[in-house]
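Here the protein sequences come in this chain order: A and B.
Here the UniProt record's numbering is used: the first residue of the first sequence is 1, the next is one more, and so on.
Here the UniProt record's numbering is used: the first residue of the second sequence is 1, the next is one more, and so on.
A couple of the hints might just be wrong.
Unchecked claim - Ranges of calculated distance between the beta carbons of each label pair, as one might list FRET restraints:
#1 B:K152 - A:E109: 49 to 57 Å
#2 B:H179 - A:Q37: 50 to 58 Å
#3 B:H179 - A:P305: 48 to 56 Å
#4 B:E256 - A:N127: 27 to 35 Å
#5 A:V51 - B:G50: 16 to 24 Å
#6 B:S252 - A:L100: 43 to 51 Å
#7 A:N108 - B:E256: 44 to 52 Å
#8 B:K320 - A:K257: 52 to 60 Å
#9 A:H179 - B:K152: 53 to 61 Å
#10 A:R234 - B:F174: 49 to 57 Å
#11 B:K320 - A:Q187: 47 to 55 Å
Source of the hints: derived by calculation from the structure; they are not laboratory data.
The structure displayed is predicted, hence computed values, not measured ones.
Idealized CB from N, CA, C, for every residue including glycine.
2 protein chains.
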Amino acid sequence: MEDEFVFITKISPEETYQKGLVRGIGDDAAVYSSSDQMEQVVCVDTMVEGVHFRRDTLSPYQIGKKGLAINVSDLAAMGAIPTYYLVSIAVPPSWTEEELTQLYKGMNELAETHRMDLIGGDTVSTNDVLVLTVTAIGLVERGKARYRDQAKAGDLIFLTGYAGTSAAGLDLLFQKGLHGPFSIEEQELVKAHQEPLPHVIEGRILSTANKRISLNDVSDGVASEANELAEASRAKFIIKSDKLPIHKAMHSYPKEKQLKYALFGGEDFVLIGTVPKEDAKDLEEEFHQIGLMFEIVGFVEEGEPGVFLLEENKMKKVEKNGYNHFKKRG
Amino acid sequence: MEDEFVFITKISPEETYQKGLVRGIGDDAAVYSSSDQMEQVVCVDTMVEGVHFRRDTLSPYQIGKKGLAINVSDLAAMGAIPTYYLVSIAVPPSWTEEELTQLYKGMNELAETHRMDLIGGDTVSTNDVLVLTVTAIGLVERGKARYRDQAKAGDLIFLTGYAGTSAAGLDLLFQKGLHGPFSIEEQELVKAHQEPLPHVIEGRILSTANKRISLNDVSDGVASEANELAEASRAKFIIKSDKLPIHKAMHSYPKEKQLKYALFGGEDFVLIGTVPKEDAKDLEEEFHQIGLMFEIVGFVEEGEPGVFLLEENKMKKVEKNGYNHFKKRG
Numbered sequence: 001m002e003d004e005f006v007f008i009t010k011i012s013p014e015e016t017y018q019k020g021l022v023r024g025i026g027d028d029a030a031v032y033s034s035s036d037q038m039e040q041v042v043c044v045d046t047m048v049e050g051v052h053f054r055r056d057t058l059s060p061y062q063i064g065k066k067g068l069a070i071n072v073s074d075l076a077a078m079g080a081i082p083t084y085y086l087v088s089i090a091v092p093p094s095w096t097e098e099e100l101t102q103l104y105k106g107m108n109e110l111a112e113t114h115r116m117d118l119i120g121g122d123t124v125s126t127n128d129v130l131v132l133t134v135t136a137i138g139l140v141e142r143g144k145a146r147y148r149d150q151a152k153a154g155d156l157i158f159l160t161g162y163a164g165t166s167a168a169g170l171d172l173l174f175q176k177g178l179h180g181p182f183s184i185e186e187q188e189l190v191k192a193h194q195e196p197l198p199h200v201i202e203g204r205i206l207s208t209a210n211k212r213i214s215l216n217d218v219s220d221g222v223a224s225e226a227n228e229l230a231e232a233s234r235a236k237f238i239i240k241s242d243k244l245p246i247h248k249a250m251h252s253y254p255k256e257k258q259l260k261y262a263l264f265g266g267e268d269f270v271l272i273g274t275v276p277k278e279d280a281k282d283l284e285e286e287f288h289q290i291g292l293m294f295e296i297v298g299f300v301e302e303g304e305p306g307v308f309l310l311e312e313n314k315m316k317k318v319e320k321n322g323y324n325h326f327k328k329r330g
Numbered sequence: 001m002e003d004e005f006v007f008i009t010k011i012s013p014e015e016t017y018q019k020g021l022v023r024g025i026g027d028d029a030a031v032y033s034s035s036d037q038m039e040q041v042v043c044v045d046t047m048v049e050g051v052h053f054r055r056d057t058l059s060p061y062q063i064g065k066k067g068l069a070i071n072v073s074d075l076a077a078m079g080a081i082p083t084y085y086l087v088s089i090a091v092p093p094s095w096t097e098e099e100l101t102q103l104y105k106g107m108n109e110l111a112e113t114h115r116m117d118l119i120g121g122d123t124v125s126t127n128d129v130l131v132l133t134v135t136a137i138g139l140v141e142r143g144k145a146r147y148r149d150q151a152k153a154g155d156l157i158f159l160t161g162y163a164g165t166s167a168a169g170l171d172l173l174f175q176k177g178l179h180g181p182f183s184i185e186e187q188e189l190v191k192a193h194q195e196p197l198p199h200v201i202e203g204r205i206l207s208t209a210n211k212r213i214s215l216n217d218v219s220d221g222v223a224s225e226a227n228e229l230a231e232a233s234r235a236k237f238i239i240k241s242d243k244l245p246i247h248k249a250m251h252s253y254p255k256e257k258q259l260k261y262a263l264f265g266g267e268d269f270v271l272i273g274t275v276p277k278e279d280a281k282d283l284e285e286e287f288h289q290i291g292l293m294f295e296i297v298g299f300v301e302e303g304e305p306g307v308f309l310l311e312e313n314k315m316k317k318v319e320k321n322g323y324n325h326f327k328k329r330g
């Protein structure tokens, strides 16, 4: 992961000192400096044991890592540089101290990758299930944050990684349990579910690029996130089914299953967005030069806000959680 | 509460525009501007139903209000201006939508008092008890945040309000239930428990005063917070038992009970701190001029870090959660 540091430094060498000095961590609140040049980005997410994660599919270490990853992905979707995080955790008696240590270790490992500092939190007791709430704070150059409402007719839709790998990995875990056995290819899917890597570098390229870009992270599946972009931008999104990037470990799956995972799977933490057609080539080259994925998966049209799947010349309306109805293209 | 606005404006007229414009709330993260002049202050607290609050002593409205108050009090203890908050909530089926609306209404009411904006959050399902996590963000002028480690021998110890009222109110609620009946005086104690008001104005006076001040909020009782100050400052704190400000509704209580509430009660959300002896008079006058409490309750000495209660010429060591042993003064 050392590459990420080098790359972020390349984008903006002044970022390291702009992060500022944190003080007061021993107090109930943390204090850190800010600047006129950068905007603050903040988000929070809660994971409930038995609802958002299960101990038979994730280790404590992975639960921690993922709890932070969800938030870092939200920052990445804004094009921000992750800087700090706070952890509030309600711990039931069913968790041992060692398991809790592992959970923090998982968070710490991802945090170090992004040079994030843990600056506060709250650990409390509960009688039932573990509830993990992470607040993440990032920085983005003034006016450079990326939002969902920037898509326009004529734009192309892109993805910065595979869609559906996390959901496919989860299904494998349900089938075979936490310890498998998994083939080498299956292991990649399982890993994508257990230890997803937020697309911070990708977000930074997209926020520092001087182009009109709408952006979202794929936390609830491509269908859901594309619908959010379409609604926020008041535009019609057309996704070409044969352009969705599907991990090679899923190539043997039936086409329908691949599509189900890709559109409705969620937790991939890749980025989805739009860019004007004339700017797509430049971005693609920039991504590919450093070995990152940038896949054009569709285009934006005038029309009622919504998402459609174009498959063998047929149009299917794609709602957030499933297909709605069929419609002839043209 | 309108007075608070006027007063905050008086302290620092540029605060309103420094708060900046919030954008991106529709996205998974919020973006807001920051400045070179102000430092960011952030804190998070979690309340678990059945552990930190009970529905037979607090209404949903009060649970919300208190959930935010705990965090605003942490900001007040740093001398910060509260600006934004984020709410993560795990909701079990036992809570109705109306109760949840009331909870948010309680938070909103306190937020409006301090002109705080809700800029994000996460609402998730859980099967057991409600878990409320609030992240609060504030601003303080660069270098003006107040910490715990500034006390020195010769300083005086102050409180900005009554000690023990919240605990006394809680005991009344346990005895008589949520709906009483309570005498007029008892109602004040009950209200102090159910709807405590964080001492933001007091914190602002103390952070903008050009004096060496250590500061903490009384969330876990005077004994616990004074011990934190003493430990952080490596100093010995002497509290005079007859100087602790006790609410008039508790004057009829036995002396021992008054002291128990005051020292070990918690959740009063007043501020405790230290100031050099020669600066105490100025501060006291500033507080009293606008009708705020500023009570000198003891002094700081050289010695092993710890807290002692001076009562009728006897010294009692006060640990965070109780008395330890007796010791003759002198």
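So, going through the hints one by one against the coordinates:
1. Distance hint check for K152 (chain B) and E109 (chain A): the Cβ-Cβ separation is about 41 Å, which falls outside the suggested range of 49 to 57 Å.
2. Here the CB-CB span from H179 (chain B) to Q37 (chain A) is close to 55 Å, well matched to the stated 50 to 58 Å.
3. At about 50 Å, the CB distance of H179 (chain B) to P305 (chain A) agrees with the hint of 48 to 56 Å.
4. Between E256 (chain B) and N127 (chain A) the CB atoms are about 33 Å apart, so this pair conforms to the stated range of 27 to 35 Å.
5. The supplied range of 16 to 24 Å is met by V51 (chain A) and G50 (chain B), whose beta-carbon atoms lie about 18 Å from each other.
6. At about 46 Å, the beta-carbon gap between S252 (chain B) and L100 (chain A) stays in the expected band of 43 to 51 Å.
7. For the pair N108 (chain A) and E256 (chain B), the supplied restraint of 44 to 52 Å holds, since their beta-carbon distance comes to about 47 Å.
8. Taken as a hint, the range 52 to 60 Å holds for the pair K320 (chain B) and K257 (chain A), whose Cβ atoms sit roughly 58 Å apart.
9. Taking 53 to 61 Å as the suggested C-beta distance range, the pair H179 (chain A) and K152 (chain B) conforms, at roughly 58 Å.
10. The given range of 49 to 57 Å is respected by R234 (chain A) and F174 (chain B), whose C-beta atoms sit roughly 55 Å from each other.
11. With their beta carbons about 49 Å apart, K320 (chain B) and Q187 (chain A) fall inside the hinted range of 47 to 55 Å.
Checked against the numbered hints given earlier, this structure breaks only hint 1.
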